[in-house]
Amino acid sequence: MRVHAKRAVALAAGLLSPAVVVADWTMNMTPGVTGTSNQIFSLHMTILWICVAIGVVVFGVMFWSIFAHRKSQGAKPANFHENTVVEILWTIIPFAILVAMAIPATATLVEMYDTTESEVDIKITGYQWRWQYEFINEDFGYFSSLSTPRDQIENRQAKGENYLLEVDNPLVIPVGKKVRFLLTANDVIHSWWVPEFGVKKDAIPGFINETWTRVDEPGIYRGQCTELCGKDHGFMPVVVEAVPEEEYNAWVAEKKEAAERERELTQKDWTMAELMERGEKAYQTACAACHQADGSGAPPAFPALKGSKIALEDMAAHIDIVVNGKAGTAMQAFGNQLSEVDLAAVITYERNAWGNNTGEMVTPKEIFDYKNQQ
Amino acid sequence: MAVTGVFMSAVADTHAQDHHHGPAKGFSRWLLTTNHKDIGTMYLIFSFAMFLLGGTMAMVIRAELFQPGLQIVQPEFFNQMTTMHGLIMVFGAVMPAFVGLANWMLPLMIGAPDMALPRMNNWSFWLLPCAFLILVSTLFMEGGAPNFGWTFYAPLSTTYGPPSTTFFIFAVHIMGISSIMGAINVIATILNLRAPGMTLMKMPLFVWTWLITAFLLIAVMPVLAGVVTMMLMDINFGTSFFDASGGGDPVLFQHVFWFFGHPEVYIMILPAFGAVSHIIPAFSRKPLFGYASMVYAVGAIALLSFVVWAHHMFTVGIPIVGQLFFMYATMLIAVPTGVKVFNWVATMFRGSLTFEAPMLFAVAFVILFTIGGFSGLMLAIAPADFQYHDTYFVVAHFHYVLVPGAIFGIFASAYFWLPKWTGHMYDETLAKTHFWLSFIGMNLAFFPMHFLGLAGMPRRIPDYALQFADFNMVSSVGAFMFGATQLLFLLIVVKCIKGGKEAPAKPWDGAEGLEWTVPSPAPYHTFATPPEVK
Amino acid sequence: MTDQQVNNSGAPRGNARVVGWCLAGVVGMFAFGFAMVPLYDVFCEITGINGKTGGRYESTEVAEADMTRTVKVQFLASNGPGMTWKFRPVVRSVEVHPGEPTTVNFYAENPTTEAMVGQAVPSLAPSEGTLYFHKTECFCFNQQPLEAGESTEMPLIFIVDKDLPEHITKLTLSYTLYDQGKQPAVTQTSRKDTTTNDNG
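Here the protein sequences line up with chains A, B and C, keeping their order.
Just so we're aligned, residue 12 is where the first sequence starts under the numbering used here, counting upward by one.
Just so we're aligned, residue 222 is where the second sequence starts under the numbering used here, counting upward by one.
Just so we're aligned, residue 332 is where the third sequence starts under the numbering used here, counting upward by one.
Worth flagging that the hints you see were computed from the coordinates, not collected in a lab.
Just to be clear, a hint being listed does not mean it is correct.
Said to hold, decoys possible - What follows is a set of in silico ranges between Cβ atoms, one per label pair, in the way DEER data are often shown:
id : chain 1 : residue 1 : chain 2 : residue 2 : range
1  : C       : 434       : A       : 56        : 48 to 58 Å
2  : B       : 459       : A       : 56        : 48 to 58 Å
3  : C       : 352       : A       : 97        : 50 to 60 Å
4  : A       : 75        : B       : 651       : 39 to 49 Å
5  : B       : 273       : A       : 97        : 36 to 46 Å
6  : C       : 479       : A       : 180       : 43 to 53 Å
7  : C       : 434       : A       : 318       : 55 to 65 Å
8  : B       : 653       : A       : 75        : 21 to 31 Å
Stated by the list, open to error - Think about it this way: if two alpha-carbon atoms lie no more than 16 Å apart in a straight line, the pair counts; the simulated EDC-like pairs of lysine to aspartate or glutamate are:
id : chain 1 : residue 1 : chain 2 : residue 2
9  : C       : 501       : A       : 305
10 : C       : 403       : A       : 130
11 : A       : 82        : B       : 577
12 : A       : 279       : C       : 440
13 : C       : 417       : A       : 130
14 : C       : 403       : A       : 128
15 : B       : 423       : A       : 128
16 : C       : 501       : A       : 93
17 : A       : 87        : B       : 730
18 : A       : 267       : A       : 145
19 : A       : 82        : B       : 691
The beta-carbon is built from N, C-alpha and C at its ideal position, and this holds for glycine as well.
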């Protein structure tokens, strides 16, 4: 019972607190952080004020009538019921106001459509229900999925500050550079929107759409999918990190390298013979100094590998000790020193050389995944 | 020929029924009636039932959106609720209500004994319960009801639609046939059955707006039929109208749908324009200002409505020339619409105003529909629309033009004409209560949605980020209030049917028109002899 | 009743006429709805608006390449839903002179254990460039069968028209590869995934 009571209190607190803590009565669009978003904001405010002005006049006249022309106050009805001049005036004047409005709107639209001279090109693909970002000139890409825990959505946990607007892998773009987005979709129509950029474009399966942005201020910007795309339409946010150019370049280099490694690992089918050959070389370089070329080691400081429990039995423990080392001993964490290919090769070699003959092999991909899980 | 048979029997029926004393009794009266008053009544009852059903779905939606997190329904069911809410309100509540008003009032207003094609009139009505039975039954089918929005874009509705999609298409076809037959009937009635002396430019505004609405229906309902047939073919017969893999284009769906869809929204408002153009002069005790302008404005709106459809598609990637054209054309529609608003205000100005329930709803209509028009003008600005599209700003816009627009127009009409229909005055105090609660509830429900959209909340989501929580809660409270209040309307109508102060032929001293020359309640058969119109 | 017949004596005939015209309108608009499909295709072909690059280009003249400018043509490859092939351009982009025929290849591999047939559908951005992008030979004109485990390089030969507007310096050609063989399995599973009446 106690447990249930605690849960009930937590639930109640969870339900009530966000509304109190993150009270937000924002009423207007934000000017945003790009030239486009600022221009849109101006257009929005202009048309808003024009509408307010017209509304004040029209409703003003109405309310005046409601107040001053009541039968109960003795008002007698006038008899006029048409006036051509007035009709012409209140046709022409609104028309003129609209023409005036259309001019800056046209200018902004022309600029929004100009995708030329971009410096970075990113392909964005909408999937049910996450986004994929591919840096087409840099040869890498990744998926970006909602990272809000299910527990928060189902009210078992208090909601975090960026509830429903957080992802595992945000898009990263450079500040101050024209970034071109190429949009498509894998299944149904989605739409990619970042309000602070003033960018929204539909992602249509089988077709490619273009849009662009140039972000003036570094920051994290959040948006959402804006075209109904099935059950989790509300659960595929867009998160973009705009960073200074040097940081962006460093990030790209890191991602490219990781992608290259990933490709090397996953695209190649390593055979036992290949791993053994490479493993022997790697072993000689990195391990033989302590464990000896024949695997006999120099116990107790440097355990033997030939005929050892670690090389013959628990694979997971074997990988762990090679990658992470053993604290308090001379066994270092080779995970940082050797590539995944070499780590996999060396472990495979140790499990099969010197009569160990387990017949087991570890692939570079498995080492890569193991390291990423940690 | 079957067609002439219908008219022959229309004439013969009237003759035969003259020899009866009043209408037939029991269920077969309603099943077989060809009387425009009976059929009008059935349309109105059906539409109110659908309004309550669609409204219940809205309550489910607003209950889920009351707070962040998923509390009440799963996203899959939420999508079914939003879809069905839209379909039922558009096709089951608003359109049939206006057809009901047309049936009741058009013959009375033009001095005709009935609609031109009374038997077809009966079919037009009875198709509707059939269609909606099919549509609503999809909720209980495997895979659930349609869940792709009332706008049912492909390929979500084709390749990824639930098995019930085919039934949805079937229901849409039946509703379409009903609307088309109704529209044909309206046109034939208005063109052929006007009393001698009633030239086109002497027709009351409600008649004008319905004539134009009927032309819009003839023009675009078949296009809707076409697009759902193409959907049917893509789903069941292996075609690729909207499927890129077969050389098709999902954007083609949007073009064809909105070619129907935009005139459709004018179909849903023009009759309200007409009704309000009767009510405001009546309660201002002053003739409608600018009759001719009002007629031309409705014509202009109808014509322009055909060339603005792609303003629903500004983010799809149409080339800039297209964007600019549709932006300009859409902005242009504001002009004749504005003219109408100015004319209504000029009608009130220096009138002698009283504020019974019809006038309260009519005045609220003018103010709040205009606010909806303002947000529509903002949406027309294509670059700005990139920030508004598919957000709650759009939801706010269309609820302002549809709820205080179409729905308040229907309420205003109902209160205005209930004395004529029932012979009793409705309870004015209860009606004013209904008005004020509806007015407050509606504004609480939908005004905050402007802010939500501007703050970045997309449409059609069952859960939202925390910064949207406060306005969503306010909106839900307003929605519950608005919804509950409609039960009061039901009470008022039932009470009025059963009794109340006896209503004279013309209960509203400022009202004009042939309909006020017949007794209240209007006899089963009226204008057997056409009146003279000077 | 007789009065009505006299005064509205034209009514039955008048009604027939109105109904006739209305029905003609209905039929006409239904046909128009369907006509919109080829109309849309023709409109798009003439204007290039929807990015579809069309069929085989037969050049009517031997064009000399315009050496004064280069245009970057980027290549993107995507798989349609449920399509499991490996599909990628062999080169990410090329710089070409307008008027100069260029050949690039796309790599496709069927890693499954069954023979399959694929077809690629092209889309070009910006859409204004579509009219100026001519394919004299394209793997997208045909269906591509691949045996289990088979891979191939598929050619695209194109010419960028010399009349390509000056301001366009980059064209992006995207292909989406679809499975033309069996009914995509995605349809069945996604229907169940997205639509249930289970509430909790």
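Comparing the hints with the structure gives:
At about 53 Å, the beta-carbon gap between residue 434 of chain C and residue 56 of chain A stays in the expected band of 48 to 58 Å. At roughly 51 Å, the beta carbons of residue 459 of chain B and residue 56 of chain A sit within the given window of 48 to 58 Å. For the hinted restraint 50 to 60 Å between residue 352 of chain C and residue 97 of chain A, the CB-CB distance of approximately 37 Å leaves it violated. Evaluation of the 39 to 49 Å hint for residue 75 of chain A and residue 651 of chain B yields a failure: the beta carbon distance comes to about 29 Å.
Against the hinted window of 36 to 46 Å, the Cβ-Cβ separation of residue 273 of chain B and residue 97 of chain A comes to about 43 Å, which satisfies the hint. In this structure, residue 479 of chain C and residue 180 of chain A break the distance hint of 43 to 53 Å, their C-beta atoms being roughly 33 Å apart. For residue 434 of chain C paired with residue 318 of chain A, a C-beta distance near 60 Å keeps the hint of 55 to 65 Å intact. In this structure, residue 653 of chain B and residue 75 of chain A meet the distance hint of 21 to 31 Å, their C-beta atoms being roughly 22 Å apart.
Taking the CA atoms of residue 501 of chain C and residue 305 of chain A, the gap is near 60 Å; set against the 16 Å cutoff, the hint is violated. For the given pair, residue 403 of chain C sits about 13 Å from residue 130 of chain A by alpha-carbon distance, which is consistent with the 16 Å threshold. Simply put, residue 82 of chain A and residue 577 of chain B have alpha-carbon atoms about 12 Å apart, close enough for the 16 Å limit, and the pair holds. Only pairs whose Cα atoms come within 16 Å are accepted, and residue 279 of chain A paired with residue 440 of chain C is accepted, the gap being roughly 15 Å.
Restraint check: the Cα-Cα separation between residue 417 of chain C and residue 130 of chain A comes to about 28 Å, which exceeds 16 Å; the hinted pair is violated. Taken as a hint, the residue 403 of chain C and residue 128 of chain A pair is honoured in the structure, with Cα atoms around 11 Å apart against an allowance of 16 Å. Pair hint residue 423 of chain B plus residue 128 of chain A does not hold up; C-alpha atoms about 62 Å apart against a cutoff of 16 Å. For the proposed pair residue 501 of chain C and residue 93 of chain A, the alpha carbon gap of about 59 Å is over 16 Å, so the pair is violated.
For the hint pairing residue 87 of chain A with residue 730 of chain B, the CA-to-CA distance comes to about 14 Å; that is within 16 Å, so the pair holds. For the suggested pair residue 267 of chain A and residue 145 of chain A, the alpha carbons sit about 11 Å apart, so the restraint of at most 16 Å is met. At roughly 42 Å between alpha-carbon atoms, residue 82 of chain A and residue 691 of chain B are farther apart than 16 Å, so this suggested pair is violated.
The structure fails to meet hints 3, 4, 6, 9, 13, 15, 16, 19 from the earlier list, while all remaining hints are met.
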